[in-house]
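Trainee: Quick note: the sequence shown uses our numbering, first residue 1, plus one each step.
Treat the hints loosely; a few may be bogus.
Claimed, not checked - Here are the computed distance ranges between Cβ atoms for each label pair:
1. Ala24 / Gly150: 12 to 22 Å
2. Thr57 / Arg178: 39 to 49 Å
3. Glu128 / Leu176: 24 to 34 Å
4. Ser49 / Ala181: 40 to 50 Å
To be clear, the hints were calculated from the coordinates, so they are not data collected in a lab. Even for Gly, the Cβ is constructed at its ideal location relative to N, Cα and C.
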Amino acid sequence: MCTGAFLLAAAGQLDGRRAATHWAWAGRLSALHPAVDVDTDKIFIKDGSIWTSAGVTAGIDLTLALIEEDFGHKVAIETARQLVMFMKRSGGQSQFSTPLVAQTQASDRFGELHAWIAAHLDEDLRVERLAEQAGMTPRTFARTYVAKVGCTPARTVEAMRIEAACRLLEETSDPLKRIAAASGHGRLHPYRHRMCQSGSVAYHVG
1 MCTGAFLLAA
11 AGQLDGRRAA
21 THWAWAGRLS
31 ALHPAVDVDT
41 DKIFIKDGSI
51 WTSAGVTAGI
61 DLTLALIEED
71 FGHKVAIETA
81 RQLVMFMKRS
91 GGQSQFSTPL
101 VAQTQASDRF
111 GELHAWIAAH
121 LDEDLRVERL
131 AEQAGMTPRT
141 FARTYVAKVG
151 CTPARTVEAM
161 RIEAACRLLE
171 ETSDPLKRIA
181 AASGHGRLHP
191 YRHRMCQSGS
201 VAYHVG
């Protein structure tokens with residue numbers, strides 16, 4: 001689990017195999033052990049008899065998968081229900097990237113705002129609306145936001161919307177119009193000629 005992958009790699013158990021580890025350590029694992037195919041996005045990976053996972057909580061996802069393999073889907077589902085969690089979390093580690101990076105760069109007030117934005121991507125998120133949510137005037141909000149976060153509010157909203165669209169492209173078979181609406185792009189044109197990066201998969205939308 002997590003950086004435990006380093007122990008397996010040092011023992012040569014991951015040579016020629018795909019492996020997962022915490023996103024913050026994936027680059028180091030690749031550098032130290034180039035024979036390992038490190039996947040920076042997967043929550044957990046099974047390659048042969050070797051299982052590896054991302055962060056500590058991803059170890060629970062891995063454990064549920066082990067239970068399902070050994071005892072069947074019914075037992076795994078019941079275990080997940082007892083733990084009050086999803087049997088299988090959708091997406092990968094990248095699903096946490098844009099909102100979390102934004103929150104770590106901002107003050108507590110903007111951290112809460114970013115969480116609110118992520119939950120309302122399909123709504124009108126112009127500066128005036130965001131400023132109202134933050135309890136500031138539009139002009140003060142725009143100036144303070146850039147100073148604290150390092151980019152404009154519009155840039156953050158767009159990044160979150162594109163990331164959400166990429167997840168939907170990867171995880172669903174929904175038509176493009178529905179994905180555009182769900183991720184806050186009411187019209188298709190913002191997706192034309194745009195590359196969506198989701199883990200190691202690239203989508204050319206449009």
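Trainee: Now tell me if each hint is right for this structure.
Mentor: These are the hints, each one checked on the structure:
no. : hint                        : result
1   : Ala24 / Gly150: 12 to 22 Å  : holds, 20 Å
2   : Thr57 / Arg178: 39 to 49 Å  : violated, 30 Å
3   : Glu128 / Leu176: 24 to 34 Å : holds, 29 Å
4   : Ser49 / Ala181: 40 to 50 Å  : holds, 44 Å
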